[in-house]
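A.B. asks: So the chains spell out like this:
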Amino acid sequence: MDHASLASTFNKDEPRVDWHDESLWWVRQKRDLQARSVADWEVLREVASAIKNNVLANLGTYLQAFESHAIKRGIVVHWAADAGEHNAIIHRILEENRITAMVKSKSMLTEECGLNAYLADRGIHVVDSDLGERILQLADERPSHIVMPAIHKKKEEIGELFHEFLGTPKGESDPQRLTEAARLHLREVFLTRKAALTGVNFAIAETGEFVVCTNEGNADMGAHLSDVHIASMGIEKLIPQREHLGVFLRLLARSGTGQPITTYSSHFSGPRQGQQMHIVIVDNGRSTQLGRADFKASLKCIRCGACMNTCPVYRRSGGYSYRTTVAGPIGSILAPNLDMRDYADLPFASTLCGSCTNVCPVKIDIHEQLYKWRQVLAKEGHVAHSKSLLMKGAAAVLSRPSWYQVSGKLLRWFLRHFPKIASKFTKWSDHRELPEAPKQTFAGWYKQNRVERNG
Amino acid sequence: MMTVGLFIPCYMDQLYPNAAIATLELLEGLSLDVVYPLHQTCCGQPLANSGFSHLTQGCNALFIENFSRFDYVVCPSGSCALHIKEHLSSLNQQEDATALASRVYELVEFLTDVIKIQALDASFPHKVSLHHSCHSLRGLYLAQMSELSSPTFSKPNDLLNMVDGLELVKLERSDECCGFGGTFCVFEEAVSAKMGKDRVDDHVVSGSEYITSSDMSCLMHMEGILKRNHSATKVIHIAEILNSKSAPNIEPKG
Ligand code: SF4
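So the protein lines, in turn, are chains E and W. The opening position of the first sequence corresponds to residue 1 in the numbering used here, with each subsequent residue numbered one higher. The opening position of the second sequence corresponds to residue 1001 in the numbering used here, with each subsequent residue numbered one higher.
Treat the hints loosely; a few may be bogus.
Computed Cβ-Cβ distance ranges for the label pairs, DEER-style [as the list claims (entries may be wrong)]:
id: 1; chain 1: W; residue 1: Ala1232; chain 2: E; residue 2: Trp413; range: 38 to 48 Å
id: 2; chain 1: E; residue 1: Arg36; chain 2: W; residue 2: Asp1071; range: 53 to 63 Å
id: 3; chain 1: W; residue 1: Ser1150; chain 2: E; residue 2: His417; range: 24 to 34 Å
id: 4; chain 1: W; residue 1: Ser1102; chain 2: E; residue 2: Val43; range: 48 to 58 Å
id: 5; chain 1: E; residue 1: Arg183; chain 2: W; residue 2: Glu1167; range: 32 to 42 Å
id: 6; chain 1: E; residue 1: Thr9; chain 2: W; residue 2: Asn1157; range: 36 to 46 Å
id: 7; chain 1: W; residue 1: Ala1232; chain 2: E; residue 2: Gly444; range: 24 to 34 Å
Which residues of chain W face chain E? A partial, calculated answer using Cβ under 7 Å [claimed, not checked]:
id: 8; residue: Gly1029
id: 9; residue: Ser1053
id: 10; residue: Asn1161
Rather than coming from a laboratory, the hints here were simulated on the basis of the structure. We put the beta carbon where it would ideally sit given N, CA and C, even for glycine.
One chain only, chain E, in its complex shape (with noise of 0.2 Å):
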C-alpha cells in the first residue's frame, strides 16, 4: 500500500488523526518558544549547517581520524557496508562472549538494520530498554516516530499493554503509575543483561569519542552496567571537534522536543576496565547518497524529529504511513535513496509546504529535495503510467493557447452543465465541492472591455 491508501486508512478514525496531530503540534509550539530563548537561533542553525556541510565533504578523512582515536582509547572498531553485516558483526561479538541476552537502548539504525529479528533468529534476546521502545515491544510494533517512537499510542493502550505483560491493575493508565512500573522491570533487566547496545548521537573525529543523548538515562544505565558495550553509529554521525558538540546539544533537544537540552548527554571515551567497547560504523545505503549531488545533505541529519513535528502531512497521516524507519520529510527523502521503486510515492507525500526546511536545525533543503526527487522519479519511470499520460496531455493542452482556450471552454460548459457527473469523475469531491465555472474567462472579459473597447 502507498502513503496515500494508508494515510485514508488513518483518517478514517477523525478524532485520532485530532489527537495525533495536535499531540505533535503542541511539541512543535514548545520547540518554537525554546528556539526564540536562544540569542542567535538562526546563526546557530547556519554554523551547525556549515559544520555538516565540512563532514560530509570530508568524511573519509573524518572517519579515519575517529578510527584511530578511538582504537588508542581501546576501543574496538568495526565496518559494516550494509544492515546485513551490522546484524552479523553484533551477533559474532555476542556469541563470542557467550552472551544470550542484551539490553538496547533507542538506536534508529539498529531499526534500519532490523536487528532485533536477525539476533531473535540466532536466539539471542533484545530488551529495548528506551521506555517508547519498550511498549512499541510488547506491543511488536514498530516506531512510528524517530525521538518518541510510541507517538500514536494513547496511554490507555500503553496501560492494557503494561497490564498484560507488567502485571499492573487494569485500568491503569496515569503515566507516572506506568512509568514507575516499566522502571522496576527494566531495573532487573539491567542488572542481568551483561551486553548493551546504544546509539550514538556524535562522535568526535579529533578524540575518538562519543556521545549519546537519552531522556532516561537508559544508555547510560545499559552501557555501565555491561561486560560488552556495543554503539552502532552510521557514518554520517561524526562531528570534527569536541567544541562543535555545544552547538549540536544546544539544538538537538530544543528543535526536537523543545527541551532546553537532553536530560542525558553521556560522553563515552573508552572502555572501563575489564570491559570491551565495540563500535560499528555503517554505511548501509549512506555513501550512495553522499554520490548524489541534490540529495546528500540529506546526511546532514541529527534526527531530532523536528521536521516530522510540523509536518501537516506527518501529522495527519501518521508514522506507519510512510513504511520506512525514518518517517516523515526526512524519511521521503531519505528511503528512495535505498529503493526508488519501493518508495516512490513518498516525496509525492507533500504539499512543498517548506515548513520541515525551516524548522531543521542543520538546514536541509528538505522541500526543495522532495522536487527534485520527483523530477528524478519520474525521468526514471516510477511514476504511474496513468498520471505520466495525464502530464503529457497537460503539456500538450498548456504549450498552444488555443488548444488550452478550446480545452477551457468545454471544461467550463461541463462544470456548469453537469456539476454532479463532474464530481463524480474526481476525488476533489469526496471531501469538497467543485469550483462553480463562470461563463466568461478573464480573457474574454479582457478582450471585450479592454481590446474591443480601445479598438
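We have chain E already, so just place chain W with the ligand on it with the hints.
C.D. replies: For chain W with the ligand alone, kept in the frame of chain E given last:
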C-alpha cells in the same frame, strides 16, 4: 510610463475571473501601463511539481514570448510567481529567461516593494482572516514565518490595514499549510481534505467572514470545503479586497 505585463494563472483565468479583473483594475488605478497578453496559458507548475519539469519547455517558451517586453510582470498568485522565479528556463536563451524571471512579482510584493504603496482607496467593513499560502510565505517571504526567529512583518497585512473598515482577526495557527498542494489535493485526497478542514475550522472559529489570500488555489480548496459544509464564511482574493469600493454589497463570485 512603467509597463506591466499581467500574468493570470490558467485556473484563475478559467474559474476566478473576478479576482483577475480586480488585479487588473487595481494596477490600472496606479497609473501603470498594464497589458494582458492574450496568448498566455500556464506557468507549468502542475507539471513540474508532479515530477515532469522536463515537459515544461512549451510553457516556458510561451511565457518568455508573452512577457519579455515588459518592465515588470505581475501575477496575483504567489505560487505561480514563485514557480516562474525559480524555474523559468530556456534551452537557447537562458540569460533572457533569468533576467525575465527576476522581473516577475506576485501582486502583494509588487505593491509593497516596487510601488511602495502608502494608501489605498478601499473599503471592506468585514472581519477578515488571512491565509498565507506556503509559497507566498516560505518561498517569497511575504511575511515572517512562524518557524523562524526573526523580526515580525507582513506585507499582506500592511496592505489590508490600509483598507477602511476591515478588521483582521487572528488565527490559532498562523501559517499552517491548507493542504491544497497542486495534484496533492487529489492524489492524497484524505490528508489534503483533512488539512483543509482543519485550516478552515481555524478561520471559522476566529469569527472570520472572509478568508483572504494572495493565492486563489488555496482559496479554491478551502472554498470547496466551506461550501460542502454550508458555512457562512466565504473566500475572497486579496486583490478583490484591495480593489473594493462599495464593500457592503460585494459579491465575490459571479
Ligand atoms: S531533517 Fe532536520 S529536522 Fe528532520 S530530523 Fe533531521 S535534523 Fe531534524
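A.B. asks: Work down the list of hints and note, for each, if the structure agrees.
C.D. replies: Here is what the structure says about each hint:
A C-beta distance of roughly 30 Å is found between W/Ala1232 and E/Trp413, which places it outside the suggested range of 38 to 48 Å. A C-beta distance of roughly 41 Å is found between E/Arg36 and W/Asp1071, which places it outside the suggested range of 53 to 63 Å. Between W/Ser1150 and E/His417 the beta carbon distance is about 50 Å. The supplied range of 24 to 34 Å is therefore violated. Take W/Ser1102 and E/Val43: their Cβ atoms lie about 28 Å apart, and the range 48 to 58 Å is violated.
Between E/Arg183 and W/Glu1167 the Cβ separation comes to about 54 Å, which falls outside the hinted range of 32 to 42 Å. Remark: the range hint 36 to 46 Å for E/Thr9 to W/Asn1157 is upheld by a beta-carbon distance near 40 Å. Hint check: W/Ala1232 to E/Gly444, Cβ distance near 31 Å, so the stated range 24 to 34 Å holds. Below 7 Å, beta-carbon pairs count as interface contacts, and W/Gly1029 has none with chain E, the closest being about 14 Å; its hint is therefore violated.
The interface hint given for W/Ser1053 is met, as the beta carbon of that residue sits about 5 Å from the closest beta carbon of chain E, less than 7 Å. Proximity of W/Asn1161 to chain E is violated relative to the hint, the smallest CB-CB distance being about 25 Å (cut-off 7 Å).
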